[in-house]
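Chemist: Protein chains in written order, with the working numbering: chain A, 1 to 264; chain B, 265 to 654; chain C, 655 to 1102.
It is worth saying that the hints were derived from the structure and are not from the lab.
One or more of the hints may lead you astray.
To be verified - Computed list of lysine to any residue pairs in SDA-like fashion (alpha-carbon distance at most 25 Å, straight line):
| id | chain 1 | residue 1 | chain 2 | residue 2 |
| --- | --- | --- | --- | --- |
| 1 | B | 626 | C | 718 |
| 2 | B | 626 | C | 797 |
| 3 | C | 1053 | B | 453 |
| 4 | C | 863 | B | 316 |
| 5 | C | 1053 | B | 462 |
| 6 | B | 520 | A | 15 |
| 7 | C | 1063 | B | 317 |
| 8 | B | 626 | C | 1063 |
| 9 | C | 1063 | B | 458 |
| 10 | C | 1053 | B | 460 |
| 11 | C | 1063 | B | 464 |
| 12 | C | 1063 | B | 457 |
| 13 | C | 863 | B | 325 |
| 14 | C | 863 | B | 309 |
| 15 | B | 626 | C | 866 |
| 16 | C | 863 | B | 310 |
| 17 | B | 626 | C | 862 |
| 18 | C | 1063 | B | 460 |
| 19 | C | 863 | B | 616 |
| 20 | C | 1063 | B | 567 |
| 21 | C | 718 | A | 116 |
| 22 | C | 718 | A | 117 |
| 23 | C | 863 | B | 632 |
| 24 | C | 1063 | B | 453 |
| 25 | C | 863 | B | 317 |
| 26 | C | 1053 | B | 456 |
| 27 | A | 21 | A | 5 |
| 28 | C | 863 | B | 613 |
| 29 | C | 863 | B | 622 |
| 30 | C | 863 | B | 617 |
| 31 | B | 626 | C | 989 |
| 32 | C | 863 | B | 631 |
| 33 | B | 626 | C | 830 |
| 34 | B | 626 | B | 323 |
| 35 | A | 21 | A | 71 |
| 36 | B | 564 | C | 989 |
| 37 | B | 626 | C | 1053 |
| 38 | C | 1053 | B | 458 |
| 39 | C | 863 | B | 520 |
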Amino acid sequence: MTLLETIDLVKSFGGLTAVNKVNFQVEPGRIVSIIGPNGAGKTTLFNTLTGIYRPDQGDIRFNGRSLAGLRPDRIAARGIARTFQNIRLFGGMTVIENILIGMHVHLSQSPLEALLRLPGFRREEREAEQRAMALMRTVGLVGVGNELAANLPYGAQRRLEIARALAAEPLLLLLDEPAAGMNPQETEEMTRLFRTIRDERGVTILLIEHDMRVVMNISERICVMDYGEKIAEGTPAEIRADARVIEAYLGRGAVAGQHEERWR
Amino acid sequence: MPPFAAVNIRELIRPIGQLLLFSLGSAGVLSALVLVLALILDQTAVGLHLHDRYNVSLATYTLVNLPQVVIDGLTIGFVYAAIALGYTMVYGVLEFINFAHSEIFAVGAFVGVELLIALDHTGLLRSASLGMAYAYLTLALLMGMAAAGALAVTVERVAYRPLRGAARLVPLISAIGVSFLLQDVIRLVEGLTTGQFNRIMPTFGNFDRRIMLGRLALGDTTVPLGISVKSIIVITAAVLMLAGLNYLVNATRMGKAIRAVAQDRATASLMGINVNRIISLTFLIGGLLGGAAGVLYALKFTRIDPFVGFFPGLKAFTAAVLGGIGNLTGALLGGIVLGMLETFAGSFLGVFTMGAAGSEYKDIFAFSILILVLVFRPQGLMGRHVGQKA
Amino acid sequence: MRNRFGNLLWARINTGILPYLLILAHIGLGSALVYSAPRSNLAFLVLISSLFSLYILEADRRFKLIAGAVLALLIIPVIGVRNIFYLEVIFQISVFAALALGLNIVVGFAGLLDLGYVAFYAVGAYLWAFFGSQQYFVLPFAPGTQPSDLPFLLPGDAFYLFLFLAIIVAAITGILLGSPVLRLRGDYLAIVTLGFGEVIRVLANNLDKPLNITNGPQGITPIQRPTMPDWAVDGFNTLFGPAIGHRVETADMYNVLFYVLALAVILIIILVTRHLDDSKIGRAWTAIREDETAAIAMGIPLVRMKLAAFAVGASFAGVMGVLLAASRTFISPESFSFMQSIGVLAMVILGGSGSIAGVILGAAVVTLLNLQVLQGVSLYLSELRQSDAVIPLINFAWKDLSNQLDPAKYQRLLFGLILILMMIFRPAGLIPARRRMRTLAAEPPEAE
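So that you can see chain A by itself, here it is in the shape it has in the complex (with noise of 0.2 Å):
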């Protein structure tokens, strides 16, 4: 059974169709890329899988279920957390705090116990403190409890909002652009990460990465976008060997030369 689907989505903006009839499935439990030239429509993709964008043609289905005209909260409620290009921490609020509000779906004090600071409450609080502190040391964020999210210098930042994001203990993880602006030390533990989420939690990973040690070391899958459509998708290998993928990248004058690099 496959755990997403979209089926002919549509999504545009006044006269741009940002995302034109795509299809494309992802089976449980695998590590799914997508790439494509800057304004491909990956993100947009995102923005309507998350119920961030209302999907104007088509259809998401999630688990046996459809999204299509869901709130993003009831969406992010079925299973699906993401991480944001630019991050998007609460930056007020302490590194602990953070992980915690990724668990707000998953916490089933009342007001009235909240109030009352009844036993039941503390303990489901000190749980999910222990939890929180687990998530941190699953993606390497170590004393920093405390911290203000803000603080926190950039890597640190992507691992957190990673830790947010599992925190809901999703099926699908959505992660946009998680090695951007990384060294190629760090990017090479982001992968391991990856791989470490997916393996010791059976979480899927669907990632947008225009870094393509990243991707071609890591999909399983890889789906390619251009001007909103889906221009190829398989393997790393078959991407590798496409010829309209290896056009859309390289028929670019400027950009070209640097995609061609990182091709390598």
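We have chain A; now place chains B and C onto it with these hints.
Modeler: Same frame as chain A, but now just chains B and C:
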């Protein structure tokens, strides 16, 4: 652009056509609406109640009052439109509600009226010929505009510019502070000399005269139909200003710069546009319009106090939102529609509800419209929908 | 305490028993001053500010609680009864502190700028004003035409029930007003809530016809107070009589009663605020304030959480409205103007939005400025005006000074200045909010 760019006639005429269209349209629609309502209610308790008291049918009553209501609605609508332009210009450029705009309007009103009062004391006003009376009024308008414009620029410089780039609510709270501060500053300055903080517009010229347009014969009664000179002045001045602003924004180089900054501040700055200067200019234009609206308001309603800006300001903001905030044409449309709606509600609500709810509810009426618009069409009547950025 | 010297000094002050001594000395000095000079505003300020040193100095929690309780339940009632004006000031501070704490939930926690907050205060006040007066029997009469011998609808002690009812009614009002507009962006929300505030005021002013519900601009009076049992008066007299020096009458006892009630309400509000802040709901509010898009992507239902903030904030104001109606025995639309909303906002902003201690300090400072400083200067000016004194240098006779220059009338100026200056120079307020630091174990046990 060549120095002697041809005057773009189309841009001069277009807004006047739009204003005419909006005025006739809203007047027509609302008149039809109340007439239908009147005909429906005529045979019910409402109609009988009126008949018992004034021996006139509801339909006749409505018809008799309609022309005056339309003229009053238009007059106040144009004042709202002029204030709304100030909100909408600033919002278009900074995405920020200039809460203090209502006090800038009030300052314009006070400066204009104070000037006329001073002239009145010297006896100049009473002895003025008709031509001189209009010259004095123009002078008052210009002084009010200058003061309000200068104040708007100063407020931006002192209370908003240091906060640019802060969280969204920060400049808004500062603006609320400026609004409150200015109310009491006006009161302080005005109270200092006379112990009174409200002012009455001196009577001079022929502004209070009514020009008879004719008589309306309705059955056995004839109703005089007229328009006061004041209303004509307010409408004419507003139309001129609106046409001028439209020309400035849409057909000049300066206007192009303003539009560029409104589109994308960072890119405009890269293109060599001095963003700070354009923002100051935006506040200046908004202030000038607001100040003129203030003097016109004083001319129309005669009495002003330091808090005079509050309700017109709120209504004008409603008008801006109704038309689609950030959109100049929208502000005109919103102002006219709101002025009309409010005047219609104020005039007919009392009769239609048998006195249970009268004109005191016209402000609530305006707010209800604001809320309805925001809930069902937040982009306003003429605004384009802006997608939320992720 | 920015510089090194300041830090050093601060550390030195907070060592050993010094902070304890300082707190006791401050309370003692304040009490002695007010006791010996019951009319001095300065003495009163010294006493009131001892609460601040109690908060800021580092001392044992239990000691602070006991000292605070002694101050609030022993010293202030005694001193307040000797000069009822002080009790009145403290009551007003408490009322505004409660309002500011309520608005703090909406503005400080959830980041929703509500400019019509006093609407909920009005709902509470009019709730008790209607049911706790003769108004129910005045319904068919136009204002001023009702017969004078109408009965009361409910006994005065129903007041206590209405304290709880007001929570529910105000919360429902908050949800009703909030549900259509909480989807709006922040600045639109501000204007719409301002509109709501005005709508409630206009309704209060005009709902004297067709049915006379609010009695229009004249307002509703008399509103009942709960009964004051004799044993309470006697008990208070036996306990405090010697310290006060004269017998305390029932009328003064009401001031004490409302002061104690306001204090109790504030304590409950603080508790509620703290407990909510440190739970799933409070974290969701802060997340919404920080970044709505990220919050909703983490599964937080925006509108429902915003409604919750609106409802909680509204319920605080509702309770205080009931308290106000009973303590004043009179309510009119004037008490619920836009300026009041801005005043409460100024308190929150001045003290530090999101910070409990901050907004209480803000409420105290603004109320004191209003009631003591502005009015004090007004009084002084009017004395000068009645004298033959002349301003030196410019040779201006004080008595020629316009009475429009009465500082007590310039609250807007005060609120405006507070808002502008705080936004420019210290947007986080006098006591900025801080996140709770958790004691995190170095090696926590494996969670999964």
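Chemist: Now tell me, hint by hint, if it's right for this structure.
Modeler: Comparing the hints with the structure gives:
no.	hint	verdict
1	B:626 x C:718	violated (54 Å)
2	B:626 x C:797	holds (22 Å)
3	C:1053 x B:453	holds (18 Å)
4	C:863 x B:316	holds (21 Å)
5	C:1053 x B:462	holds (22 Å)
6	B:520 x A:15	holds (24 Å)
7	C:1063 x B:317	violated (45 Å)
8	B:626 x C:1063	violated (29 Å)
9	C:1063 x B:458	holds (16 Å)
10	C:1053 x B:460	holds (16 Å)
11	C:1063 x B:464	holds (22 Å)
12	C:1063 x B:457	holds (17 Å)
13	C:863 x B:325	holds (24 Å)
14	C:863 x B:309	holds (18 Å)
15	B:626 x C:866	holds (20 Å)
16	C:863 x B:310	holds (17 Å)
17	B:626 x C:862	holds (17 Å)
18	C:1063 x B:460	holds (13 Å)
19	C:863 x B:616	holds (15 Å)
20	C:1063 x B:567	holds (21 Å)
21	C:718 x A:116	holds (23 Å)
22	C:718 x A:117	holds (23 Å)
23	C:863 x B:632	holds (21 Å)
24	C:1063 x B:453	holds (14 Å)
25	C:863 x B:317	holds (19 Å)
26	C:1053 x B:456	holds (13 Å)
27	A:21 x A:5	holds (12 Å)
28	C:863 x B:613	holds (14 Å)
29	C:863 x B:622	holds (10 Å)
30	C:863 x B:617	holds (12 Å)
31	B:626 x C:989	holds (22 Å)
32	C:863 x B:631	holds (21 Å)
33	B:626 x C:830	holds (22 Å)
34	B:626 x B:323	holds (22 Å)
35	A:21 x A:71	holds (22 Å)
36	B:564 x C:989	violated (31 Å)
37	B:626 x C:1053	violated (44 Å)
38	C:1053 x B:458	holds (14 Å)
39	C:863 x B:520	violated (54 Å)
Hints 1, 7, 8, 36, 37 and 39 from the earlier list are contradicted by this structure; the remaining hints agree with it.
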